[in-house]
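Q: Letter by letter, the chains look like this.
There are 2 protein chains.
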Amino acid sequence: MPYYIVVLGTAGSGKTTLSGSLREYLEDHSLDAAIVNLDPAVEKLPYDPDVDVRDYVDAREVMEKYGLGPNGALIASMDMLALKINDLREEIEGLRPNYFIIDTPGQMEVFAFRETGPIILNSIIGENRRASLFLIDGLQVVNPNNLLSSLLLSASVHARLAYPQINVVTKTDLIPGDELGKIDEYFEDPYSLAEALNSPGYLIWSKDEIELLLEKLMLFDVVKVSNVSGEGLDELYAALQRVLAGGEDYYTEEPNPVL
Amino acid sequence: MPYYIVVLGTAGSGKTTLSGSLREYLEDHSLDAAIVNLDPAVEKLPYDPDVDVRDYVDAREVMEKYGLGPNGALIASMDMLALKINDLREEIEGLRPNYFIIDTPGQMEVFAFRETGPIILNSIIGENRRASLFLIDGLQVVNPNNLLSSLLLSASVHARLAYPQINVVTKTDLIPGDELGKIDEYFEDPYSLAEALNSPGYLIWSKDEIELLLEKLMLFDVVKVSNVSGEGLDELYAALQRVLAGGEDYYTEEPNPVL
Chain V
1 MPYYIVVLGT
11 AGSGKTTLSG
21 SLREYLEDHS
31 LDAAIVNLDP
41 AVEKLPYDPD
51 VDVRDYVDAR
61 EVMEKYGLGP
71 NGALIASMDM
81 LALKINDLRE
91 EIEGLRPNYF
101 IIDTPGQMEV
111 FAFRETGPII
121 LNSIIGENRR
131 ASLFLIDGLQ
141 VVNPNNLLSS
151 LLLSASVHAR
161 LAYPQINVVT
171 KTDLIPGDEL
181 GKIDEYFEDP
191 YSLAEALNSP
201 GYLIWSKDEI
211 ELLLEKLMLF
221 DVVKVSNVSG
231 EGLDELYAAL
241 QRVLAGGEDY
251 YTEEPNPVL
Chain Z
1 MPYYIVVLGT
11 AGSGKTTLSG
21 SLREYLEDHS
31 LDAAIVNLDP
41 AVEKLPYDPD
51 VDVRDYVDAR
61 EVMEKYGLGP
71 NGALIASMDM
81 LALKINDLRE
91 EIEGLRPNYF
101 IIDTPGQMEV
111 FAFRETGPII
121 LNSIIGENRR
131 ASLFLIDGLQ
141 VVNPNNLLSS
151 LLLSASVHAR
161 LAYPQINVVT
171 KTDLIPGDEL
181 GKIDEYFEDP
191 YSLAEALNSP
201 GYLIWSKDEI
211 ELLLEKLMLF
221 DVVKVSNVSG
231 EGLDELYAAL
241 QRVLAGGEDY
251 YTEEPNPVL
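Protein chains in written order, with UniProt numbering: chain V, 1 to 259; chain Z, 1 to 259.
Bear in mind the hints are in silico, worked out from the structure with no lab data behind them.
No residue lacks a Cβ here, since even glycine has one placed at the ideal position from N, Cα and C.
Among these hints, one or two may not hold up.
Derived Cβ-Cβ restraints for the label pairs, each shown as a range [stated by the list, open to error]:
1. V:N128 <-> Z:E43: 33 to 43 angstroms
2. V:E90 <-> Z:D234: 30 to 40 angstroms
3. V:E185 <-> Z:E195: 32 to 42 angstroms
4. V:E61 <-> Z:I119: 51 to 61 angstroms
5. V:D189 <-> Z:E24: 19 to 29 angstroms
6. Z:G201 <-> V:G67: 13 to 23 angstroms
7. Z:E90 <-> V:E90: 39 to 49 angstroms
8. V:S206 <-> Z:E127: 19 to 29 angstroms
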């Protein structure tokens with residue numbers, strides 16, 4: 001049975017790049033992996049998708065055909081995709097990789113925070129094992145308020161999908177070493193993050209309340225990766241295996257699963 | 001000094017409709033209110049904006065001019081707007097209403113979860129008093145997982161903006177009475193929501209942990225409104241006054257503030 005890895009995160013967090021790097025990593029380790037592109041509005045992909053939702057719905061065409069603006073076209077495209085879910089699932093089921101990597105739409109909101117996104121995912125994945133990767137733009141979370149915000153957002157996605165989830169801090173190659181050290185410190189000691197939030201703005205929670213919140217928000221595994229250097233992909237694979245297979249490497253009885 | 005009300009929420013939560021209803025409500029109570037439309041991609045507005053960001057940047061034009069897809073155009077438009085922030089602020093400062101209602105972009109993600117959105121808001125509002133309204137689609141949160149998810153999302157926006165925030169459950173006229181009663185129960189008793197979450201999916205938190213989380217997530221005022229019947233707008237006004245003016249009605253020394 002294949003494992004499903006759902007790649008989620010806000011626009012610009014690095015979903016598409018990580019999807020490509022992860023397939024390459026798995027293939028380098030003699031594992032078959034197929035990427036499903038679920039974004040009907042993506043213009044360019046750094047990888048060659050095995051299944052491409054744009055074969056079913058293309059957001060730019062939807063815009064032109066129905067005279068919609070960019071917002072309306074994104075939402076209409078997802079709804080139209082939901083109607084074609086059986087064809088899409090059949091195409092996916094025709095492949096037999098060890099891993100499916102599902103690269104979700106650029107705007108997470110159109111997907112994860114509407115009814116259609118979870119319906120599409122559940123329909124594709126069925127009863128198979130799944131993990132979601134929630135990508136956190138590393139460049140943003142050197143700001144402690146943004147880190148708290150991202151952890152809440154990650155938890156919000158988890159509450160809605162109810163999949164086992166791993167937080168992935170991306171773009172670590174672009175973060176100066178001392179800033180990266182601070183992020184590590186925040187994850188190791190939630191109170192240090194609560195302390196660092198002492199910003200000019202107004203927050204409804206006291207530091208102690210934030211620490212309590214963070215303890216619950218940091219229950220997820222967290223992995224830091226760089227798509228450029230490949231650093232962190234070993235840790236990501238290990239974290240995925242813990243979630244998907246209880247720590248064991250992928251094992252298949254079919255000697256040569258065919259894509 | 002004017003008060004600033006920032007209307008936030010995911011696509012389809014009712015931001016634009018509430019912005020219009022709220023201006024009408026304030027004007028019916030002899031208060032001047034001006035709406036600033038900050039969405040460069042909106043196609044139709046149910047109100048006549050006092051300031052319209054589309055006079056500065058139009059997402060559809062950005063798409064055509066730069067050959068971008070819908071995703072890219074939304075992001076580029078916000079970044080281009082940030083470059084024109086001084087002109088926009090000057091236009092806004094030329095008005096003298098009691099309240100500014102700031103209607104934010106359809107896709108919250110492009111705005112609140114990138115650097116430009118908070119920069120634009122802080123630049124417009126300066127040192128003035130502000131409150132953000134986080135809109136929660138009432139039809140979605142009859143599902144308890146979606147309610148937990150929405151409360152986490154609201155908290156995520158609050159962590160990033162650090163403005164005093166009120167949660168607003170919208171579309172109450174469309175929710176059957178018994179479902180509405182359940183939502184009330186969830187807000188009154190977080191454990192009843194934790195209990196209701198007993199869904200087929202997998203959640204990382206125990207019920208007790210979810211109750212602890214909810215206690216922190218429910219510190220925000222919550223108001224239920226219907227834009228159709230106007231029900232809840234009195235409560236919303238009262239909640240806004242508590243946040244903006246410590247509970248007092250708007251008072252101005254200028255006898256007739258001119259829009």
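Q: Taking the CB of E185 (chain V) and the CB of E195 (chain Z), does the distance hold inside 32 to 42 angstroms?
A: holds, 37 angstroms
Q: I want to verify a distance hint. Is the separation of the beta carbons of D189 (chain V) and E24 (chain Z) within 19 to 29 angstroms?
A: The hint (19 to 29 angstroms, Cβ to Cβ) is violated, given that D189 (chain V) and E24 (chain Z) are roughly 50 angstroms apart.
Q: The hint says 39 to 49 angstroms between E90 (chain Z) and E90 (chain V); measuring C-beta to C-beta, is that right?
A: violated, 57 angstroms
Q: 30 to 40 angstroms was suggested as the range; check whether the CB atoms of E90 (chain V) and D234 (chain Z) agree with it.
A: For D234 (chain Z) against E90 (chain V), whose Cβ atoms are near 53 angstroms apart, the range 30 to 40 angstroms is violated.
Q: How does the Cβ-Cβ distance of N128 (chain V) and E43 (chain Z) compare with 33 to 43 angstroms: does it lie in that range?
A: Given about 40 angstroms between the Cβ atoms, the range holds.
Q: Per the hint of 13 to 23 angstroms, is the separation of the Cβ atoms of G201 (chain Z) and G67 (chain V) within bounds?
A: Since the Cβ atoms of G201 (chain Z) and G67 (chain V) sit about 38 angstroms apart, the hinted range of 13 to 23 angstroms is violated.
Q: Holds or violated: 51 to 61 angstroms for the Cβ distance of E61 (chain V) and I119 (chain Z)?
A: Since E61 (chain V) and I119 (chain Z) have Cβ atoms about 34 angstroms apart, the given range 51 to 61 angstroms is violated.
Q: Look at the Cβ atoms of S206 (chain V) and E127 (chain Z) and judge whether their distance stays inside 19 to 29 angstroms.
A: holds, 24 angstroms
Violated hints for the displayed structure, listed by number in ascending order: 2, 4, 5, 6 and 7.
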